[in-house]
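All chains, please: the whole structure from these sequences, using the hints.
The chain contents come next:
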Amino acid sequence: MTKPRLYIFAIGGTGSRVLKSLTMLLAAGIKPEGETEFEIIPIVIDPHKSNEDLKRTDELILNYQAITREIGFDNGFFSTELSTPDKILKTKTKALGSFTFNLQQVAKKEFKDYIDLANLNEPNKALANILFSGKSINKRGEQIDLLDIEMDIGFVGNPNIGSVVLNQFKDSDEFKEFASNFNEADRIFIISSIFGGTGAAGFPTILKNIRDAMNNKNIDGKGFLQNAKIGAITVLPYFNIEKETDSPIQKSDFIAKTKAALSYYKDNVTGNNLVNALYYIADNYTGKAYKNDPGDGGQKNDAHFIELASALAIINFLEISDDALQTDEGSATCPIYREFSIKRDSTEIKFEDLEIGSEKKISLKLSQLSLFKKFIDEHLKSSKEKQAWSMDAPAIDDKFLSQTFYKTYLSDFLNAYGFWLAEMDLNRRGFSPFALKTKEELEVYIDNKSEEIQPFNPKSLTTFIKDKEVKQGWFKKTVDYSFFDDCLSKEAKGKNYNTAQAKFVKLFFETTKHILTSKFGFQS
Amino acid sequence: MSKIFGYSNKGGKDWFKSDAYSDNEIEAIKDPEGGSEINLPTAIPSPFARIDLVKNAFHNIAKTPSLKHHRSGGDVIASSEDEKLVSDCLDLIELFFNYDKLSDSNKLRIIPWNKANELSNLKNSSDKQRRYGETLELYLKPTINADDGFDPYNFDLLENFYLVEYHDKIIGCTSPVTFFFSNSNYSNNIRLALYERDFNFQKYLYYLFAKYPILTQRMKVFGKYLAKNKEIIEAKSEAKFRNLFVEINAIIRDSSAFATQVIKVSPNSSIPCIEIFNLKTEGVENPCLWMQNVEIQVKEIKAQERIVTGSLEQLATASDFLIHSNKTAAARKPLVLQNDLNKRLRYLDSNWDNNNKVPFVFNEQLDKRIIPGYNLEYPCLTVSDFLEPYLIRLVYPINNGKFFNGNVAVEIGDDSKGYILPLKKQFFDYFDTYDLLSVNTDKPKIEMIQGGEESVKVILKIPVKDGSEHISFERTYYCPELFKKNKNAASINLEIPKPDEEKNKGVIVEHQFGVTLFPFIKTNIPEIAPFYRVQLVDRDVVAEMKSSAYNLSFYSNQTIVHSTTKERSNKEIHSATSKYFVVNNEFDFIQVKSKLASGIIIPKWKPFVQGNKVFKFAIDFGTTNTHIEYCDNIKPEIRPFDISGDDEIQIATLFDTEKTSEDFGGSGAIAIREMIEEEFLPLKIGSTDSEYKFPQRTVLAESGNININAATDTLADFNIPFIFEKRLFNYNNTFQTNLKWAKQEEGNRKRIKSYFEKLIFLIRNKVLLNGGNLSATEILWFYPTSMKSGRKDDLEILWNDLINKYFNPTTQPRGIPESLAPFYYYKHHKKAPGGNSTPAISVDIGGGTTDVVYFLKNKPLLLTSFKFAANSIFGDGFGLVGGTDQGLARKYVPHFEKILNSSGYQGLLKGVLKSLKQNKSEDVNTFLFSLETNSKITDKDSFSYNLLLNNDEDLKIIFLYFYSAIIYHIADLMKNRIPDIGLPSHIFFSGNGSKILRIISPKLSKIENITKQIIESVFNVSYGEESVSIVTDINIPKETTCKGGLLSDPNDLEIDVRNIKAILNLVDEKGVYDLTYDQIDQNVKNSVITKVKALNALFVSILKKDGIAEDFKISSASIKVFETQINKFLGEYLEDGILFNKKLDAEQGDNKVEETLFFLPIIGAINNLSNHLSDLTPVKN
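Chains as they are written, first to last, in the working numbering: chain D, 1 to 524; chain F, 1 to 1181.
Wrong hints could be hidden among the right ones.
[Unchecked claim] Calculated lysine-lysine pairs in the DSS-like style (CA-CA distance at most 30 Å, straight line):
| no. | chain 1 | residue 1 | chain 2 | residue 2 |
| --- | --- | --- | --- | --- |
| 1 | D | K266 | F | K485 |
| 2 | D | K217 | F | K128 |
| 3 | F | K240 | D | K266 |
| 4 | D | K31 | F | K123 |
| 5 | D | K112 | F | K115 |
| 6 | D | K109 | F | K123 |
| 7 | F | K805 | D | K109 |
| 8 | F | K485 | F | K503 |
| 9 | D | K135 | F | K485 |
| 10 | F | K1152 | F | K859 |
| 11 | F | K443 | D | K266 |
| 12 | F | K123 | D | K217 |
| 13 | D | K513 | F | K13 |
| 14 | F | K571 | D | K217 |
| 15 | F | K402 | F | K566 |
| 16 | D | K176 | F | K115 |
| 17 | D | K135 | F | K123 |
| 18 | F | K443 | F | K457 |
| 19 | F | K224 | D | K266 |
| 20 | D | K108 | F | K123 |
| 21 | F | K1104 | D | K125 |
| 22 | D | K176 | D | K108 |
| 23 | F | K115 | D | K125 |
| 24 | F | K17 | D | K343 |
| 25 | D | K139 | F | K169 |
| 26 | F | K1152 | D | K343 |
| 27 | F | K128 | D | K125 |
| 28 | F | K3 | D | K466 |
| 29 | D | K135 | F | K30 |
| 30 | F | K327 | F | K457 |
| 31 | D | K266 | F | K141 |
| 32 | F | K859 | F | K975 |
| 33 | F | K3 | D | K437 |
| 34 | D | K266 | F | K368 |
| 35 | F | K368 | F | K68 |
| 36 | F | K546 | F | K522 |
| 37 | F | K3 | D | K360 |
| 38 | F | K211 | D | K350 |
It should be emphasised that the hints constitute simulated quantities derived from the structure, not laboratory data.
Structural data, given as structure tokens:
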């Protein structure tokens, strides 16, 4: 039997960033508890083609896929199947391996042309004139009529425009194929931020279209869709934006917009039970300001703990049993609403600051992946072709290290992981469970994105996880890289690995787990 | 503490179970910035966002106390945008309610949008239209709310939208949830809550809700709004509202009650109505708005009323009562009406009949008023439209030369009180201030007659019939017991009675406040940017006014003028409140508002003509004193800055300065006068009848609770207190004296800027008032050459910025080294024969620095500067604030305290002295010196600190030593750097510090003698037959800098002072010229100490020569003290001095030392010496 699927609609910049965090968690081997395994199919919806967050996430998932194509899903790390939407496309009209749904007829186009205002009949023209009356600001900071706004920027401040433009999604091949392939056991999760433009508009649009699929003549097999199990997270403001008077994104608008949109959701999303499980997340912490960029110049925001927590909401959603997600005629029978908490209100969150459930879910696995990365950065060069684990077949030798699998897919992925950790560490509120380099060094590191540098403080292996002490004793071996090498060799001994690739990943998964549970006091 | 990333108050761990966010959670979200009331972009993700927006606006507004925008606890409950959306919606409903009365109903058109038809049209059209249509369809699809089972927008009941086009613009559209929503571009700036609207219209809405219960169910937010509106009506005390409340309740009980009451309720059933929503399917009658015939509306309406309305317009435009005003549009000019008219004037279709009763107040909007005698609506004006219910009486007569006094006439009583014009703002919708001041008969006139029982009758005549007739608005204002002049004690606590506008009874309130304008200039020339400061002093402490605050708004005849306000003193703490309004636009009148009353102040601006006179100013910003001299091309004589002529007074006080009694008519509101001089600026400066003049102490006053980091304004947050050293600060002010050498930081930079800005204001206004040309004005300023270039650059930027801003001069302002200017003054006055063939030296001793320039052939050859000046004797050395610890002050302060009489002005000065004792000792000493020049001290000799010191045989040695040290250094530098030009023949002294020469000896020849001896000794050469002569203008030593600056030839000053600047740092022998702080090692220090000891030895040897001690009246005891003390601790003083200078300019180790180290030990030694010498002999009285 094929695995059920989780379709994730990641809308806007926040969607991309939460998706990135989810990918990191999956790479570390974090999975929902329960018997059902899901195949995850993310679809990113973002009008900003040049959005940096989007590009970074896209690359990351492509590397994840490339890795799993070579090694499969039972090596500990990378053990969940992430697929591109093209997998479900019958007509391969789109370039392979893209996660992004591109909006049509958006760039450099005014909204009034998009709705063909000039050719509408009198009643429709009059209605459009009043529905979209008002002013906005164009890219040059000049005031213009809302109807004259260019649509790619129109989303940013005007979700009412966004709701019209994003509705083309329902005509897209992606949506049609998704809808036609949707099975009863499949689930949907929608990620959006409430205070942006794209997310706030995209969420109700997609939701309405899914529940309204009965009326969409382009779709077959839509019966399941109307009653689909839909989860969603709506991300409320959690960061500052640098104040810039002329930008269409205004921080002072954030709260007012959030409240207005929440009121709308109250009637049109929650009040009528459209979602089965809705996750709210917000942080009123006033910390580091993001550079204010409405998207055109590449919205690129540093990774943030809230995105990690949001990714955990997706894991949480998959852990809810089918029984609790029943829907009747497009209306959830007993909708679930959730909020997130941590144990200690810390500005630099460490593992112990999390509530026990979250800590158990992520601390060991993230530490394993980190240790893997740390070893590669600091010690792999000295071990390779010297240590038994490296020389035993299949060998982890210079040849292996020069092949694409290691050199491109894995290294790129782990480098991105390093940046992800560093960014969350630097951000405020920060997530900083590991001993990384100094703030100044990290800032340089993030700015340059140079491959030569790694995020961890190279000083000592024993102190690399904050709040975790290595148990030392008279007769216990010191935890250092020679100990690490010994453990690797011991683990590798007598094992059969199909390929060097699988060996490399699996060996490190098992060994790091062993070291962390035996020496750092982690519970397995 | 656990942290919940959300807004519900539920607790839990990880992703715990919570609830959907409802209103409570949404309201719990706090905006850290307090929220915004501005227009936000639509945040609703639906094409029907505007419907939701208006619905939400009703929801928000219904939560406010008065159905207006509202903040509570820093949060916006309802924004002004909400208020507008609701008001727009009500406008639209009211438009239909009054449809049959619309004069331009042919401009109204209804465009129906049928859901089924139009969606189908769109979907069967182009791809773009199809997509758009499908989106509309998706969002129009009803959803069912789990709580009440209804669609949140009643889209389930929607069949049609009706779009409202008025004057070719779509202004609104029906909404199934709030009747209507408006176009965002619909602009009606008058926002009215329902209770402010027509009573019949209000009743109509309650009637609709009563008749159709479905509305209460489906239009919940609107229902809540109506409920709130009813609460507000219930709380109102006026009879008309009480009636309304009763009527509304009757309608709610039985909706049919309304049908009989109101004229135009029943729709003609044969004509279709606008459906807000359609309930036909449920068998309920659908609510309609009484809009006639959608298809053929215009033609079929009641022809009868249209004829009446049409002819009314025609009759009114021909009426004799039509207001004669150029400011209103020609269409529908209002009629001006009064009772008891004794003129034959044509009303509408006949002459006016006094049986028509004109109400004294209309509660309706202008064009909703029912004109007397006719049951028709037409704009008309009555007395309450223009006259205020309260008349503000002042505790002084108005300064009629500068402000319009309202043509006040005293029939009974005296003229000790003035009155603010009791005009409403609306008056100026029709007339300008000039109209009121004009003598032409076709203009409005106001008269105020003070009559019996202190009442005032105000008559406002409004021109009608093309200006050939007037209608009189009259109102008598009665004076309550509380304000009567001869009130008895018991009436003090009486309440102020309320005026009754309906009966035309006004009430006088006496207010104690003052308004002062600066400057009293209105140029009407757009190129001359105006900069006004307006001071408002409020010491109103009578009865309920104690807690009241005043405010001023500024208006031009066309529009309101922006102003910002700063409060400096507050009457809760300082017995009076002072507020400052910064107004950067010209204005014609001011509206003053208190808690109770409101009125208009009109300045009588003088006609302004721009002149062509060219003025030149020189500003010497000194450590202790600041001076300004000026001249102009008509009168080239150089003279100190002054405001002396009556027509160049820069401020205008609302009170009459001549007629107002000392105690403000017994009210004791003297703060109104005092605060002008303390916090603002005096009437006159430098005139014979003013106690203020330049040079003026360099001091800045600022609010005691100033936030120096916030934006500050000159003459609002700061001012130059001319009263310094003359009066005490009575209000919320502190002062800063050390401006020139203050630590370099943002706060001090602002202070200096503000100090300069006020000087620039004074100069600018003087130029404008005296027919000067702003951009032709030339301004010079001075700086000492010992000033670090960073500090000097700061000053230069400040001067340039300010002068460019306020003068936009064609000649750029010039900075001149302080030391160069005096020479040209002496030269010009032929007091300087030297400097041509023989070397001459100019020495400018200021408070902080001494500048020395060596001249040969009238050109500066060499220049040096050091911080060894008057404050080295009168200040605290390198120590902290010394107050009266410093020797001289300690000796003489008790003496002055004794001779200053405790009463009258001297008592005041005694208080000033006491207050200064907390301050720096140089401030104390400067004050003591100021006494003999104080214009109010008649016995100059007794209060001459100069004379006292001149006669003090113990202290005299300090001054002589100070002088000798300077001469010694001057000679030493000359010998080292320009040894070949011969001995100096002339030494010119200038600067305030050169007054020390007078203390040393009244006879210059004696000083010349000792000078010669020192120079000869340094050079080891004899003058022979020649000698050295000392030149000084002892009466105006400070002024010579400014005067010299104005007299100097710019070409003479075209030298780069850096090229001739010399520092004798006493290590020349070793080849180090540019000494850095790092290079000051023990060798350097030793050479400095050796040099000082050489001076000391020379000085003692000269003192011991025959006759010298007697010549200068130096006591032998002091010589003894000198000998034992003078060489002590020189090393430590040197260290202290180096440290002090380093800190002052935040010097780094590798920075160049900018002045000689020679004087540093001497400053310490003098300070020490004066401490010892002060105790020798007590002061003789």
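Evaluated hints:
no. : hint             : result
1   : D:K266 - F:K485  : violated, 65 Å
2   : D:K217 - F:K128  : holds, 17 Å
3   : F:K240 - D:K266  : violated, 41 Å
4   : D:K31 - F:K123   : violated, 45 Å
5   : D:K112 - F:K115  : holds, 21 Å
6   : D:K109 - F:K123  : holds, 22 Å
7   : F:K805 - D:K109  : violated, 45 Å
8   : F:K485 - F:K503  : holds, 26 Å
9   : D:K135 - F:K485  : violated, 60 Å
10  : F:K1152 - F:K859 : holds, 27 Å
11  : F:K443 - D:K266  : violated, 61 Å
12  : F:K123 - D:K217  : holds, 13 Å
13  : D:K513 - F:K13   : holds, 26 Å
14  : F:K571 - D:K217  : violated, 76 Å
15  : F:K402 - F:K566  : holds, 24 Å
16  : D:K176 - F:K115  : holds, 27 Å
17  : D:K135 - F:K123  : holds, 28 Å
18  : F:K443 - F:K457  : holds, 20 Å
19  : F:K224 - D:K266  : holds, 19 Å
20  : D:K108 - F:K123  : holds, 25 Å
21  : F:K1104 - D:K125 : violated, 109 Å
22  : D:K176 - D:K108  : holds, 27 Å
23  : F:K115 - D:K125  : holds, 14 Å
24  : F:K17 - D:K343   : holds, 16 Å
25  : D:K139 - F:K169  : holds, 28 Å
26  : F:K1152 - D:K343 : violated, 59 Å
27  : F:K128 - D:K125  : holds, 14 Å
28  : F:K3 - D:K466    : holds, 20 Å
29  : D:K135 - F:K30   : holds, 27 Å
30  : F:K327 - F:K457  : holds, 27 Å
31  : D:K266 - F:K141  : holds, 17 Å
32  : F:K859 - F:K975  : holds, 19 Å
33  : F:K3 - D:K437    : holds, 27 Å
34  : D:K266 - F:K368  : violated, 41 Å
35  : F:K368 - F:K68   : holds, 22 Å
36  : F:K546 - F:K522  : violated, 34 Å
37  : F:K3 - D:K360    : holds, 18 Å
38  : F:K211 - D:K350  : violated, 64 Å
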